[in-house]
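Going by the UniProt record's numbering, the first residue of the sequence shown is number 1, and it counts up by one from there.
Because the hints were derived from the structure by calculation, they are not lab data. If a hint is listed, it holds; no wrong ones were tucked in.
Okay, the calculated beta carbon distance ranges per label pair:
#, residue 1, residue 2, range
1, 18, 60, 21 to 29 Å
2, 13, 49, 18 to 26 Å
3, 6, 32, 19 to 27 Å
4, 25, 56, 30 to 38 Å
5, 18, 45, 16 to 24 Å
Heads up, the beta-carbon is just placed ideally off N, CA and C, and yes, glycines get one too.
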Amino acid sequence: MPIIVFEGPKLTKEQKEELVKLFTDAAQKVTGIRREAFIVLIKENEPDNVGVCGELLSNIISKES
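Using the sequences and the hints given, assemble the complete structure.
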């Protein structure tokens with residue numbers, strides 16, 4: 001079973017549903033593997049748990065506000 005992993009920010013349930021559908025559709029089209037075989041994992045990361053350029057993402061967001 002192919003697994004697709006998306007790591008990103010918090011999403012709404014509606015956004016997750018669309019993401020799962022689009023990833024599955026694209027992967028099925030490209031690989032020819034039946035869509036029932038795909039597993040999509042969504043891992044949500046809080047800005048305090050993400051580092052960018054040696055700095056917490058939450059700090060970068062605060063500076064931009």
